Amino acid sequence: MTRLRADSRHPIRFKLNGRPVEGEAEPRMLLSDFLRHQIGATGTHVGCEHGVCGACTVVIDGMLARSCLTLAAQVDGCEIRTVEGLAPSADRLGILQRAFRRNHALQCGFCTAGILMSLDHYLRRHPAPSETDVRDLLSGHLCRCTGYTPIINAALQAAAELATAIEEKPDV
Amino acid sequence: MAQVAARPASSVDMEGRPWVGRSIERVEDAALLTGRGRFIDDLGSPPGTLHAAILRSPHAHADIVSIDAEAARRAPGVAAVLTGEQVKALTSSLVVGVKAPVECWPIATERVRYVGEPVAVAVASDRARAEDAIELIHVEYRPHAAVVDPLAALAADAPVLHDGFPGNLASDRSFSYGDPAQAFADAPHRFSIDIHYPRNSCTPIETYGVIASHDAAEDAFDILANFQGPFSIHTVISRALKVPGNRLRLRTPPDSGGSFGVKQGVFPYIVLIGAASRAVGRPVKWIEDRLEHLTASVSATNRSTTLSAAVAADGKILALDWDQVEDCGAHLRAPEPATLYRMHGNLTGAYDIRHVKVRNRVVVTNKTPTGLNRGFGGPQVYFALERLVQRIAIGLSRDPLDVIKRNLVPADAFPYRTATGALLDSGNYQEAIAKAVDHGKLAELRERREEARAQGRLYGIGFTAVVEPSVSNMGYITTVLTVAERRKAGPKNGAQATATVALDPVGGVTVHVASVPQGQGHRTVLSQVVADVFGLKPQDVRVNTEIDTAKDAWSIASGNYASRFAAAVAGTAKLAAERIAARLARIAASQLNVEPVDIVFASGFVASKHNPENRIAFSRVAALSHWSPGSLPDDTGQAIRETLFWTPPELTAPDDEDRINSSLCHGFIFDFCGVEIDRTTFETRIDRYVTMHDCGTILHPGMVNGQIRGGFAQALGAALYEEYAYAEDGSFLTGTFADYLLPTTAEVPEPQIIHLATPSPFTPLGAKGVGEGNSMSTPVCIANAVADALGLADVTLPLVPARLADLVRGPEPEPPAGQLKAAPARAGDRRLRGDGSASVNRAPEHVWTMLLDPGTLQAVIPGCQRVDRVSDTHFRAEVTLGIGPVTGRYRADVQLFDLDPPHAVTLRGSAEGALGFGNAEGRIMLEPDGKGGTRLRYGYDAAIGGKIASIGGRLLDGAARVIIGQFFAALAREAGGGASASAFSLPALLGWLARLFGGRR
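Chains as they are written, first to last, in our numbering: chain H, 1 to 172; chain F, 1 to 1001.
Worth double-checking, as some hints may not be accurate.
To be verified - Heads up, simulated SDA-like pairs for lysine to any residue below, C-alpha to C-alpha not over 25 Å straight-line:
#1 H:K15 x F:K435
#2 H:K15 x F:R36
#3 F:K537 x H:R102
#4 H:K15 x F:P410
#5 F:K435 x F:P410
Stated by the list, open to error - Covered stretches of chain H (in silico footprint by chain F; criterion: 3 or more residues with CB under 8 Å from a CB of chain F, positions within the stretch not fixed):
#6 10 to 20
#7 57 to 67
#8 93 to 101
#9 140 to 149
Said to hold, decoys possible - Pairwise CB distance ranges, derived in the manner of DEER restraints:
#10 F:E25 x H:A163: 55 to 65 Å
#11 F:E140 x H:G62: 32 to 42 Å
#12 H:T132 x F:E450: 48 to 58 Å
#13 H:P27 x F:T510: 43 to 53 Å
Hint data in this document are derived by calculation from the structure and do not stem from the laboratory.
For clarity, every value in this text was computed on a predicted model and none was experimentally measured.
Note that the Cβ used here is the ideal one computed from N, Cα and C, for glycine as well.
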């Protein structure tokens, strides 16, 4: 196991939404700060830094994780997915994103990235969720604007649409 | 012919359906859904930007004896450490909203008055180094007694926060409207209620952020902050930063992650970080963290109210008597005491009550200063009024809905002037209620209640009728001043809204407003409004809602508050667009050889109404002012850019009788709900919630319902879960989202939303505000339902199960004698008390020697670096502990008293570290167990404060017991004998205190 010196910066390399990225971080740097301030991937937001609000949720090696409770050094060599990787292309929204827009499932949009990541991850594995399932899944996310129902509706609509659609492929 | 140009373009005619009123998809969403939002911390900062971290007070009330920041200033990467003294030299006091010799600084000077008050600011090359630096600052405090309850603050012996507020009273005004004394004397019934409305906050998920730079060459500030307005605060900031307003360029980022009023409270930090940037000569950035936000950003006011009503036999309310004691926290920050006066015109709610007596007192307490928060005064007022209406109904054996209906403002009375001065613009409350009762199936809900009760279940129904004010009168706050003081200060009134509509050289339309949205979709709605005027599509209209006070049109009323967007800002954009359209109509008329009145804007063309084939592309007409001003008809003037200011004439200053039309528009809300309370857990479940809204003309149904749902969810939190809780010593107890509980998908049901629309005659689009209504109506509606379910006369928010259980079952019985207990004596008391006993297999004399031996202590205290014996009865210890992610060094100091070797000893000690402070006293008694061993009995009484109380308070009792047990095992091992149960000792005390401060986060 590599020992990291507390007072130095260490190279961190991983794949972000399929593309290799690298930067340097002190061992204490959080993944959320690393993504935002070193890599410039500011789509992942920080709401509480103690793992409750869910805004910073990302996918690390196929697992949902709070990037505010993960150190940058922990993800060296991992595959990370963030909200920036959800759309099939820069000018086109994915099915889940479109459902959010259609249902007014966001207002300020600050918590949205984390919710999208949880839902994207979940719907890939559970194509026909019930409302209870979705409410249970999203109980780990705080949203102060919407009152949640439009988010639930968007998720259920997206699930139905994804079940009948061919898998979304990036345009490139 | 200037009149023609200025005339609203009545010739504008929408072919087909207008865009306004349709739930089009939001223009804001694509960026937000793809991670391309531009919130303040997403924007780059200028090269060389430094980062600030703030050291905050762990005490609620203390003198600052000394601040030693030398080590921090020498730390790597640190550019400066500013204390109150330095900030005071760079700034002047924030304006205080009442006449009193009181100062208000953005950082503590000489004394701290609430937990979390800034004490020092470290500025360093990055945030982590700035945070390292504040850990190196050593502050010596001399604690004072604290007061957290507004009524206790008024007691003669209460600790006084500010000498300029004698008795902690910042303002005391009495008002009388009509003849309340006579009405009370004549009335057959008098009902009264005491309310203690708690503190809570809408807690946006994005915290505060400021990036400030000072240009020494021009002595000017350029500050980017996620401030939300009102921009009256701009004057407060520039004055505090000691520059004229034109040298404070205040800008907002394109996106802001929710506010709900709360981001008004960033302004003291704008001053603080501005001062820091001036001190270091570099841009300085500060992003608040969540603990800082919950502890010390801002909060709604808590309020103690006694409300009485004179009531006729038929339930008609003849007079009200309000006695409100408003708690604004430790400082009276602008615009407070506005929370108290925002509702002044609406103290009679939706009711026709002609006689009103009011006493308004504003007090300061050792809590975070208050400010804007969704509902702003409404929740506090309506909780009292609507609880009282239910009490009247019960007292007169009537249905609460009958009492509501009996008192409503008559449908034919609009515009209706309330006793306290509000001009209710429009409405039909009777029709709204009838529609809600019908569509919301109240009869069925009543049957559900009967059925549930027949089965022995706890089921109740609550009602609320409220008037939702919107578009604040900038003069309402002056109602806090006496008539003479107002005359001296000059008139304050109105609510200037502004909008700019501009045409580019190829006919593109750009709209700018100073509305500073935080997710309300202003850009989308304005594109609809302006598209309708020009006969374009919303996507043809680009809208910018950022504000830059150096370049944009704005007024003190600008910003996103008091639900003013739809009513004031969107209407102003319409008027500005119509003004341009009138000029374009003249230009087109001359090109098409028709009269301007014959011109219509539709489908991207400007055409003759009579001969639609006679037309010209909108873009051509729009571009003409740029390319060929010489071709414009004489005296048309340019049609390039129009900035319009609009203020409603109805918003007049308070009159000499203190009547104030505090708001322009008044929506109506009627809610009812059915709740069921679990008999075992006392959890409240919302069975059905029906909410009727009349917010005038609806501009975008999806967004209106979004505002209602969002407000409902926040209000549900306020009703059932949320409270900014303080201990009696002023410790803040809810510093994380695990302590301050927000409702999630699992708790928030979908309300049934019903609409009625009576357009406002006072606003350009007929729209009224809608965002704050449920914050006002829902907490009391749920409380009424819970009171109905449990048969309670008094209910206090939040309606957490433990509180309901207390109310219904009475206090929990004491545990059986002899059991270990370590629980706070009562709610709000952070003292931890406990006792217990244990055995060690060595004689009392041996155990006694161990307890007093530094070597033994060092061996058995977890993480102990060293124990120094200052004297035989005085020890100091240093302990390094790391539990979870937090490691730190803590200093403990313990003295022994009443030594009775080897039988008993009293210990008294304190400890402090980065995460908090504490003190404790314990008595240990040793006696032979008759088998060669020792039986220890102990009791302790400890108090803790600082961060640890905010972020881990709920775990402390359990942690105390666990750590004491752990320590005892080590003592027994060291003694070489077996052990059992748990014990208490000097080392346990040291280790326990140290663990508390080091161990939890």
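Violated hints - listed by number, lowest first: Numbers 1, 4, 6, 7, 10, 11, 12, in rising order.
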